[in-house]
Amino acid sequence: MRRAGIAGVVLALGLAAGLGWRADHAGAESKQASANNSRECNMNALEQSICTYELILADMGATYEATGGGGISGIRQTTTTSFVVSVSQEERTDLVTYEIHVAKNGTVSIAGKKIGVESP
Numbered sequence: 381m382r383r384a385g386i387a388g389v390v391l392a393l394g395l396a397a398g399l400g401w402r403a404d405h406a407g408a409e410s411k412q413a414s415a416n417n418s419r420e421c422n423m424n425a426l427e428q429s430i431c432t433y434e435l436i437l438a439d440m441g442a443t444y445e446a447t448g449g450g451g452i453s454g455i456r457q458t459t460t461t462s463f464v465v466s467v468s469q470e471e472r473t474d475l476v477t478y479e480i481h482v483a484k485n486g487t488v489s490i491a492g493k494k495i496g497v498e499s500p
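Using my numbering, read the sequence shown as starting at 381 and increasing by one per residue.
Treat the hints as calculated values from the structure; they're not laboratory data. For every residue, glycine included, the Cβ atom is placed at its ideal position computed from N, Cα and C. Honestly, I wouldn't trust all of these hints.
Derived DMTMM-like pairs (lysine to aspartate or glutamate); straight-line CA-CA distance at most 25 angstroms [unchecked claim]:
{"id": "1", "residue 1": "K493", "residue 2": "E471"}
{"id": "2", "residue 1": "K493", "residue 2": "E445"}
{"id": "3", "residue 1": "K493", "residue 2": "D474"}
{"id": "4", "residue 1": "K484", "residue 2": "D439"}
{"id": "5", "residue 1": "K494", "residue 2": "E479"}
Just the calculated beta-carbon pair ranges, DEER-fashion [unchecked claim]:
{"id": "6", "residue 1": "L426", "residue 2": "G451", "range": "22 to 30 angstroms"}
{"id": "7", "residue 1": "A425", "residue 2": "G449", "range": "27 to 35 angstroms"}
{"id": "8", "residue 1": "G448", "residue 2": "E420", "range": "33 to 41 angstroms"}
{"id": "9", "residue 1": "V497", "residue 2": "Q428", "range": "26 to 34 angstroms"}
{"id": "10", "residue 1": "S418", "residue 2": "K494", "range": "14 to 22 angstroms"}
{"id": "11", "residue 1": "S462", "residue 2": "A442", "range": "19 to 27 angstroms"}
Please model the entire structure based on the sequences and the hints provided.
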C-alpha cells in the first residue's frame with residue numbers, strides 16, 4: 381500500500397509538471413529531463429513505466445507550446461516503445477507520439493517525437 385502511495389505522488393507530480401503547475405523542484409526536474417532527454421529508470425517494470433511517463437510529461441511541459449486548450453486528456457502506451465499523449469484543443473485533439481528507447485542499464489530516452497492532429 382505504501383509503495384502505491386509513493387507511486388501515486390510521483391505520478392501526480394509528473395502530471396502537475398506536464399500541466400504547467402511547477403513547484404521549484406518539479407520545474408528544475410522538467411528542464412533537466414528535456415535537456416538530457418533521458419532518465420535512469422533501472423527498476424521493476426511498474427516503476428520503469430512511471431519513470432517513462434515522467435520523462436514524457438517533463439518533455440511536454442518544456443516543449444509543447446499550444447497551451448490554450450483543455451490540457452492533457454490522456455496518455456496511452458500503444459506498443460512496447462510508443463506512447464501517445466492526447467491534448468484537448470477547442471476544435472481538435474493534438475496527438476504527440478513518443479518513441480522511447482530503453483537501454484540495457486534501464487535508462488529511458490526519447491528516441492523520436494511526432495505531432496499529429498485528430499479532428500472530431
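(message) Hint by hint, where does the structure go against what was stated? Just the numbers, ascending.
(response) Every hint satisfied by this model.
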